[in-house]
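Number of protein chains: 2
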Amino acid sequence: MRKMFVLAALSMTSPLFAADPAPVPYPEGYRQWVHVKSMTINQGHALYDTFGGIHHLYANKKAEQGYKSGKFADGSVIVFDLLEAKVADNTVQEGSRKVLGVMHKDSRKYKDTGGWGFEGFKGDSKTDRAVGKTAASACFQCHTAQKNSDHIFSTFRR
Amino acid sequence: MRKMFVLAALSMTSPLFAADPAPVPYPEGYRQWVHVKSMTINQGHALYDTFGGIHHLYANKKAEQGYKSGKFADGSVIVFDLLEAKVADNTVQEGSRKVLGVMHKDSRKYKDTGGWGFEGFKGDSKTDRAVGKTAASACFQCHTAQKNSDHIFSTFRR
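Sequences listed follow chains Z and D, in order.
2 is the number that our numbering gives to position 2 of the first sequence; each next residue is one higher, with no gaps.
58 is the number that our numbering gives to position 58 of the second sequence; each next residue is one higher, with no gaps.
Just chain Z, same shape as in the assembly (with noise of 0.2 Å):
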């Protein structure tokens, strides 16, 4: 019984808790999911350290209704494939996954990071992760400038 009230207790984000935020899951399925738009970001680029390459966005049921809305409803997920950019023969072509990038929403779970969790799984890995606890300074800070859109930079491409 004390055993459960202190699980109970741990799992819970309160003020005498400052609990780390709870990892976010890997996006099972996510190739499956609605395809939302796509960007290559070449060297040069300031973020080019970090997200290099060929994105692909993929959005869940939840998060697909979010884009069309503008308000993402606890469940949403979003995916952030980022692929290696293979250039040959006047060509651009996808190469290895760098990085699985996620935001999950959960008011919650995540309410410090306006209610999304944000995560990164690197190359094919569902368990090697690249943000963990740093989500607030490593993703939220560029993204709680999307305030107004719920934090999301990407729009659907009809």
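It should be emphasised that the hints constitute simulated quantities derived from the structure, not laboratory data.
Please note that the accuracy of each hint is not assured.
Where chains are identical, the list cannot tell them apart; a pair therefore holds if satisfied intra-copy or between any two copies.
The calculated DSSO-like cross-link candidates involving lysine-lysine, where the alpha carbons are at most 30 Å apart (straight line), are [claimed, not checked]:
| no. | residue 1 | residue 2 |
| --- | --- | --- |
| 1 | 86 | 109 |
| 2 | 62 | 126 |
| 3 | 86 | 68 |
| 4 | 111 | 86 |
| 5 | 37 | 61 |
Based on these hints, arrange chain D on the given structure of chain Z.
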């Protein structure tokens, strides 16, 4: 009665009536389909005049199965969504739609072109057709080289 017979005869692709291929339907709802892969074709490439820009491939459910099994069932539809590549500030971003290419599997209707109907809808139009009766020379002439993969060039990026 006689009129019905004439219409039926004209709609058949028989040796007696070398009919034009049936029009390929516009792929309604394709933006909700699964994203197969993407590529950018730049100036200097042999296919630049026709396919220059960013293209995304989308597959309906049957075509998605086809990518897995290597054989595309009738009803499979693959979309080649070609957008202008806007280059600015060390990024390449999606611009206006240039053409929406479609491959539509129907072994009977399109038996002369590997069972695939080919069409290109210009820009955002659902009616302005770029290919029409020229599919054999404009499309199949290249796609026939891919006979071993059911005339498909692309593979599903994981």
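Alpha-carbon proximity context of residue 86 and residue 109, limit 30 Å:
neither (38 Å within a copy, 39 Å between copies)
30 Å Cα threshold - placement of residue 126 relative to residue 62
Answer is both: 22 Å inside a copy and 28 Å across each meet the 30 Å cutoff.
Since the copies are identical, ignore which copy is meant and state whether residue 111 and residue 86 lie within 30 Å (CA to CA) inside a copy, between copies, both or neither.
Cα proximity of residue 111 and residue 86: none, with 38 Å in one copy and 37 Å across.
Is the C-alpha distance from residue 37 to residue 61 at most 30 Å within one copy, between copies, in both cases, or in neither?
For residue 37 and residue 61, both the intra-copy (15 Å) and inter-copy (20 Å) Cα distances are at most 30 Å.
State whether the alpha carbon distance between residue 86 and residue 68 is at most 30 Å within one copy, between copies, both, or neither.
Between copies only: 24 Å across chains, 33 Å inside a chain, cut-off 30 Å.
Going down the numbered hints, you'll see the structure goes against 1, 4, while the others check out.
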